[in-house]
Amino acid sequence: MSEVYLSNYYLPTRKEDPADAEVSSHRLMVRAGMIRKLSSGVYSMLPLGLRVQARVNNIVREEMNRAGGMEVRLPIMQPRSLWEQTGRWSVYGPEMMRFKDRKDAEYGLGPTHEEVITDLIADEVDSYRDCPLIFYQIATKFRDEIRPRFGVMRSREFEMKDAYSFHADEDEARETYRKMETAYRRIFDRIGFNYRQVEAATGAIGGSLSHEFMVLAETGEDAVLSCTDCDYAANREKASGLVSESHPEAGEDVKELEEFPTPGVETIEDLLEIDPEASPERQVKTMVYMIDGRPTAFLLPGDYDLNETKIAEESGVEIEGMSPGEIYDAFGAHPGSLGAVNLSEASNEVQVWADLALKERYNLYTGANRDGYHYRGVKVERDLEIDRWCQVRLSKPGEGCPHCESGQLEEQRGIEVGHIFYLGDKYSSALKAEITTATGSSQPMIMGCYGIGTSRIIAAAIEQSHDEQGIIWPQSIAPFDLYILPISWQDERQREVSERLAEKFSNLGYEVLVDDRDVSAGVKFNDSELIGIPYRLTLGRSLENDEVELLIRSTGETEEVPLEDIVDRLKELKAQGE
RNA sequence: CGGGGCGUGGCUCAGCUUGGCUAGAGCGCUGCGUUCGGGACGCAGAGGCCGCCGGUUCAAAUCCGGCCGCCCCGACCA
Numbered sequence: 008m009s010e011v012y013l014s015n016y017y018l019p020t021r022k023e024d025p026a027d028a029e030v031s032s033h034r035l036m037v038r039a040g041m042i043r044k045l046s047s048g049v050y051s052m053l054p055l056g057l058r059v060q061a062r063v064n065n066i067v068r069e070e071m072n073r074a075g076g077m078e079v080r081l082p083i084m085q086p087r088s089l090w091e092q093t094g095r096w097s098v099y100g101p102e103m104m105r106f107k108d109r110k111d112a113e114y115g116l117g118p119t120h121e122e123v124i125t126d127l128i129a130d131e132v133d134s135y136r137d138c139p140l141i142f143y144q145i146a147t148k149f150r151d152e153i154r155p156r157f158g159v160m161r162s163r164e165f166e167m168k169d170a171y172s173f174h175a176d177e178d179e180a181r182e183t184y185r186k187m188e189t190a191y192r193r194i195f196d197r198i199g200f201n202y203r204q205v206e207a208a209t210g211a212i213g214g215s216l217s218h219e220f221m222v223l224a225e226t227g228e229d230a231v232l233s234c235t236d237c238d239y240a241a242n243r244e245k246a247s248g249l250v251s252e253s254h255p256e257a258g259e260d261v262k263e264l265e266e267f268p269t270p271g272v273e274t275i276e277d278l279l280e281i282d283p284e285a286s287p288e289r290q291v292k293t294m295v296y297m298i299d300g301r302p303t304a305f306l307l308p309g310d311y312d313l314n315e316t317k318i319a320e321e322s323g324v325e326i327e328g329m330s331p332g333e334i335y336d337a338f339g340a341h342p343g344s345l346g347a348v349n350l351s352e353a354s355n356e357v358q359v360w361a362d363l364a365l366k367e368r369y370n371l372y373t374g375a376n377r378d379g380y381h382y383r384g385v386k387v388e389r390d391l392e393i394d395r396w397c398q399v400r401l402s403k404p405g406e407g408c409p410h411c412e413s414g415q416l417e418e419q420r421g422i423e424v425g426h427i428f429y430l431g432d433k434y435s436s437a438l439k440a441e442i443t444t445a446t447g448s449s450q451p452m453i454m455g456c457y458g459i460g461t462s463r464i465i466a467a468a469i470e471q472s473h474d475e476q477g478i479i480w481p482q483s484i485a486p487f488d489l490y491i492l493p494i495s496w497q498d499e500r501q502r503e504v505s506e507r508l509a510e511k512f513s514n515l516g517y518e519v520l521v522d523d524r525d526v527s528a529g530v531k532f533n534d535s536e537l538i539g540i541p542y543r544l545t546l547g548r549s550l551e552n553d554e555v556e557l558l559i560r561s562t563g564e565t566e567e568v569p570l571e572d573i574v575d576r577l578k579e580l581k582a583q584g585e
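Residues in the first sequence are numbered consecutively from 8, following the working numbering.
Hints listed in this document are in silico derivations from the structure and should not be mistaken for laboratory results. Careful, some of the hints might be misleading.
What the hints assert, rightly or not - Under the rule of at most 30 Å between Cα atoms (straight-line distance), these lysine-lysine pairs were calculated in the BS3-like manner:
| id | residue 1 | residue 2 |
| --- | --- | --- |
| 1 | Lys-148 | Lys-186 |
| 2 | Lys-511 | Lys-578 |
| 3 | Lys-186 | Lys-439 |
| 4 | Lys-148 | Lys-110 |
| 5 | Lys-44 | Lys-22 |
| 6 | Lys-148 | Lys-433 |
| 7 | Lys-511 | Lys-110 |
| 8 | Lys-386 | Lys-262 |
| 9 | Lys-433 | Lys-107 |
Stated by the list, open to error - Pairwise CB distance ranges, derived in the manner of DEER restraints:
| id | residue 1 | residue 2 | range |
| --- | --- | --- | --- |
| 10 | Gly-328 | Gly-405 | 22 to 32 Å |
| 11 | Ile-559 | Val-530 | 18 to 28 Å |
| 12 | Ala-445 | Lys-366 | 20 to 30 Å |
| 13 | Cys-237 | Lys-107 | 51 to 61 Å |
| 14 | Glu-367 | Gly-447 | 53 to 63 Å |
| 15 | Leu-45 | Gly-100 | 18 to 28 Å |
| 16 | Gly-584 | Asp-474 | 16 to 26 Å |
| 17 | Ala-112 | Gly-339 | 44 to 54 Å |
| 18 | Glu-564 | Leu-57 | 22 to 32 Å |
| 19 | Lys-107 | Arg-156 | 27 to 37 Å |
| 20 | Glu-564 | Arg-507 | 17 to 27 Å |
Quick caveat: nothing in here was measured; it's all calculated off a predicted structure. Ideal Cβ placement from N, Cα and C applies to all residues, glycine included.
Can you make the complete structure from the sequences, with help from the hints?
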């Protein structure tokens, strides 16, 4: 495809790690001359980096087109009035970058484009016959992240593919959702990722059906729980594992409820110090929040954390924290002494939600709702007044799989590179994107939206594939396919063969980089490995026997190949994906 | 936003505690020469408002105050 000569190319590689880079991908992208930081979470993309980006985007674009998508380009600056129509001008909060123009009109820099695309078609799509419609763009997004991190992994200005679909009814929307799911799998398979598709929380964007695509890597910022035996995998907040039926109190006699003094006890650990029997799994943790203006106590085993995301999502309510003063007024005790025994005596407006893991449990400990006292011998169904049973705990590894019931959940770290949502009519209703149905009535279109972090993909690929020497690109997105390394550019034979090979491979569709710099061989070797080109041809002493040395970056193996065989040898290797 | 740290040639850092004369190192860069299969060597050089503003002092990279920027941990987050 093209031949690039390094002496005419801008490839500022570095010997030393940058001082501000924590993870491998960030370090290597800077060292390999792919990116440079302008400001916190804001990066310039250099020629080598942009080559990788272009290849990633190509794959994404091909698969989006295959799935019926139509590429568009939507404005980055978006007027306040539009965002007010969906209520997100206030909901999105400080994460949206905002500014005013010279007339004092307010704008936001688009973190996502539901409003713009919906508004765009609202007036012009009038009939169910026009559906489905799938639009996508690959463009720069802005989010004022609380804490930008890890180079392009979490930056404030980044590139993303976002797609939006419009449908006449729910079935059609679901069908497109499935199509996108397939397209996403094809994309991540083609790139060569080791990834998991997981059930995801839908969060503030709304809707009911959602999956994330997580590239598995130690440095991932998200926790994924996946089944050891089947395909089940979920974002940790979304996961609903099955708890073991064997409790620590199994086999013990059921004790009576007994109040006892616990001066100064405020935490699970404090109680354990007073009574060594009160291990965390035997304590009932009581956490309180406001739900629709009603104080609510959530009960869960003491060795678990509360899962606010899941509670909010499954009950469809907003949950808000309470101040210590509000808690005392509602419960008559401070947070360290809360408990659900006789709660109705303290207040009749309080409701109690208990985690499923507490079913049938007994001989437990909990706060007495009176500062300085706790109960022991608590039997959940006998002593506590529960209004609702549901999952309020954050699932942990080791819980049973809810799908196959034979496997266990294990935790892995993941980098979120894709997220798909079934949206429903949240935006189409707000923005009056309505169509006439087959029966002649008017109704809002059903929507879906689908994102892929195209710049983040680059970092994820490096996290998943690098070594001490540098990056090891998968063939699918490597900036070049072949690195031609003549030991000495002064050597006439080496120069002549380099040029000939470069032209030949270029004509065969390869992207070729020729290291024609007048630097020592070691520099060339090191740079070629740092930037991670899949194949390297070294032209040196063996050229006297009409041979070149082939290095396969991914395996580190080298072999001497006769000049006349090199084209076939590379074709062979590419075909078998090495 | 809370806690911690940092800011000195292009890069990575020392110097600051205990103020003192021309502000240093390695890498990188320029020129010449020697090298030429794993980040070569010699010689000669260029390059710094020590983040910014103010204060203390005979004297500030160094001490004090304010501001700006960057990083880490946490909270938070389609």
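Now the hints, each set against the structure:
| no. | hint | in the structure |
| --- | --- | --- |
| 1 | Lys-148 - Lys-186 | 25 Å, holds |
| 2 | Lys-511 - Lys-578 | 13 Å, holds |
| 3 | Lys-186 - Lys-439 | 26 Å, holds |
| 4 | Lys-148 - Lys-110 | 24 Å, holds |
| 5 | Lys-44 - Lys-22 | 17 Å, holds |
| 6 | Lys-148 - Lys-433 | 22 Å, holds |
| 7 | Lys-511 - Lys-110 | 59 Å, violated |
| 8 | Lys-386 - Lys-262 | 8 Å, holds |
| 9 | Lys-433 - Lys-107 | 28 Å, holds |
| 10 | Gly-328 - Gly-405: 22 to 32 Å | 29 Å, holds |
| 11 | Ile-559 - Val-530: 18 to 28 Å | 21 Å, holds |
| 12 | Ala-445 - Lys-366: 20 to 30 Å | 48 Å, violated |
| 13 | Cys-237 - Lys-107: 51 to 61 Å | 53 Å, holds |
| 14 | Glu-367 - Gly-447: 53 to 63 Å | 55 Å, holds |
| 15 | Leu-45 - Gly-100: 18 to 28 Å | 25 Å, holds |
| 16 | Gly-584 - Asp-474: 16 to 26 Å | 19 Å, holds |
| 17 | Ala-112 - Gly-339: 44 to 54 Å | 52 Å, holds |
| 18 | Glu-564 - Leu-57: 22 to 32 Å | 30 Å, holds |
| 19 | Lys-107 - Arg-156: 27 to 37 Å | 29 Å, holds |
| 20 | Glu-564 - Arg-507: 17 to 27 Å | 25 Å, holds |
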